[in-house]
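K.L.:
Chain by chain, the residues:
Number of protein chains: 2
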Amino acid sequence: MKRIADSTVRRLSMYLRYLEDLDTRGQATASSDELAHLCGTTPAQVRKDLSFFGSFGKRGLGYPVHELTAHLREILGLGQEWKVIIVGAGKIGAALANYRGFRQRGFTVVGVYDSDPAKVGTPWGASTVRAMQDLTTDVAREGASIAVLAIPSENAQAVVDTIVGAGIRAILNFAPTQITVPPHVSLKSVNMAMELEGLSFALTNAELIDQGAA
Amino acid sequence: MKRIADSTVRRLSMYLRYLEDLDTRGQATASSDELAHLCGTTPAQVRKDLSFFGSFGKRGLGYPVHELTAHLREILGLGQEWKVIIVGAGKIGAALANYRGFRQRGFTVVGVYDSDPAKVGTPWGASTVRAMQDLTTDVAREGASIAVLAIPSENAQAVVDTIVGAGIRAILNFAPTQITVPPHVSLKSVNMAMELEGLSFALTNAELIDQGAA
Numbered sequence: 004m005k006r007i008a009d010s011t012v013r014r015l016s017m018y019l020r021y022l023e024d025l026d027t028r029g030q031a032t033a034s035s036d037e038l039a040h041l042c043g044t045t046p047a048q049v050r051k052d053l054s055f056f057g058s059f060g061k062r063g064l065g066y067p068v069h070e071l072t073a074h075l076r077e078i079l080g081l082g083q084e085w086k087v088i089i090v091g092a093g094k095i096g097a098a099l100a101n102y103r104g105f106r107q108r109g110f111t112v113v114g115v116y117d118s119d120p121a122k123v124g125t126p127w128g129a130s131t132v133r134a135m136q137d138l139t140t141d142v143a144r145e146g147a148s149i150a151v152l153a154i155p156s157e158n159a160q161a162v163v164d165t166i167v168g169a170g171i172r173a174i175l176n177f178a179p180t181q182i183t184v185p186p187h188v189s190l191k192s193v194n195m196a197m198e199l200e201g202l203s204f205a206l207t208n209a210e211l212i213d214q215g216a217a
Numbered sequence: 004m005k006r007i008a009d010s011t012v013r014r015l016s017m018y019l020r021y022l023e024d025l026d027t028r029g030q031a032t033a034s035s036d037e038l039a040h041l042c043g044t045t046p047a048q049v050r051k052d053l054s055f056f057g058s059f060g061k062r063g064l065g066y067p068v069h070e071l072t073a074h075l076r077e078i079l080g081l082g083q084e085w086k087v088i089i090v091g092a093g094k095i096g097a098a099l100a101n102y103r104g105f106r107q108r109g110f111t112v113v114g115v116y117d118s119d120p121a122k123v124g125t126p127w128g129a130s131t132v133r134a135m136q137d138l139t140t141d142v143a144r145e146g147a148s149i150a151v152l153a154i155p156s157e158n159a160q161a162v163v164d165t166i167v168g169a170g171i172r173a174i175l176n177f178a179p180t181q182i183t184v185p186p187h188v189s190l191k192s193v194n195m196a197m198e199l200e201g202l203s204f205a206l207t208n209a210e211l212i213d214q215g216a217a
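For the protein sequence lines, the chains are H and Z, in the order given. Counted from 1, the first sequence has number 103 at position 100 by the working numbering; the numbering is strictly sequential. Counted from 1, the second sequence has number 89 at position 86 by the working numbering; the numbering is strictly sequential.
Honestly, the hints are just simulated from the structure, not real lab data. A few of these clues could be false.
Remember, identical chains collapse to one label, so a pair may be satisfied in a single copy or spanning two.
[As the list claims (entries may be wrong)] The list that follows gives simulated cross-link-like pairs (lysine-lysine, BS3-like), each with its CA atoms no further than 27 angstroms apart:
1) 122 - 86
2) 51 - 94
3) 86 - 51
4) 51 - 191
5) 51 - 122
6) 94 - 122
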């Protein structure tokens, strides 16, 4: 079977957002033109992205909003609860732990960890910050599969090795460094300094920017 | 002149990080093989990315680390200070304002704004949170060109219209919604729920993932 690019998955997430919105407002069908307009892409791209997962909608009638919403939720693996640990009890960790969007999509934070003894045991929402030494047994007991890495660059790889060893199969990395994971582990990195550098590049080289790829 | 994709600019940022590291450690030259290995890409990709901006290095000798570092900094627009405002004095705003990586790359936060009267005037580092009504005159006076948007989705577009009207030319958007900007404004969006959805997709559809595009 053909493999799916990261950019396609991002568009599926975006279609889902708008479809949920249309569904809430009671709209029964949506055309590829409408979805394309809402998501900033082309109708052909919408049709191509959705056709990958089966045949939706009828020519000339548009997509059935409620059905397609349910199907996209299933495709994106949002029909179940995902247990998430946050490693790093700093400001980024706090911002993420409180992020409404996570809970709304079925991501439950089951533990927050820090290597700093001064932070371990301090209050964190309804719970407390846990010690890194407890991570492996906690992950096994609670069945966590996703880790958010919100730590400085130093020792990031050692922390990754620990959480992968504990059974974590997907990592969202905010540490501003390159980390490596075994093939069975999924990794996404968000590097905020690099995002800003993309903007400074754009401000400096306005004529070179491919807006379509931005 | 050919336009440059966002993914190329990200790789240039990454090359720069490793070259700075090599430069600090006193290494005089680096091969495309070495850079490719450090950055998780191919030597051919490294050569293609760098050739776009001129002829660097000599065949068989590798790239001169110090020179290429300086050149990449210039290409990325990092030779100058960029003044940044943060809109939204919540946890994400706080995490970003304190992010060491920003200051290290020449991005200076000159003001933090919030529409909540309860937050306006409260301490924020060495300064205080400012009112949205002051944004337009502040941006003009201080010459800020980049805004980080760390607000909820509601009214995000209205805030964008205000800051674009104030003269901001580049926006890093953390609001989990689609916003539109005029063609002369650069926009990058980081949607953390969508990043997590990419991971839940990967966990659910392991066989469909294009690891090369992740």
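K.L.:
Decide, hint by hint, whether the structure agrees.
P.N.:
Here is how each hint holds up against the structure:
1. In this assembly of identical chains, residue 122 and residue 86 lie within 27 angstroms of each other by CA distance solely inside one copy; the values are 22 angstroms within and 33 angstroms between copies.
2. Proximity of residue 51 to residue 94 under the C-alpha cut-off of 27 angstroms is found in neither arrangement, the shortest distances being 40 angstroms within a copy and 38 angstroms between copies.
3. Taking CA atoms no more than 27 angstroms apart as the test, residue 86 paired with residue 51 passes in neither setting, with 32 angstroms inside one copy and 41 angstroms between copies.
4. Proximity of residue 51 and residue 191 under a CA criterion of 27 angstroms is satisfied in both settings, with 24 angstroms inside one chain copy and 25 angstroms between copies.
5. Taking the shortest Cα distances, residue 51 and residue 122 never come within 27 angstroms of each other, neither inside one copy (49 angstroms) nor across copies (46 angstroms).
6. Both within a single protomer and between protomers do residue 94 and residue 122 lie at most 27 angstroms apart by alpha-carbon distance, with minima of 12 angstroms and 18 angstroms respectively.
In terms of the numbered hints stated before, the structure departs from hints 2, 3 and 5, listed from lowest to highest.
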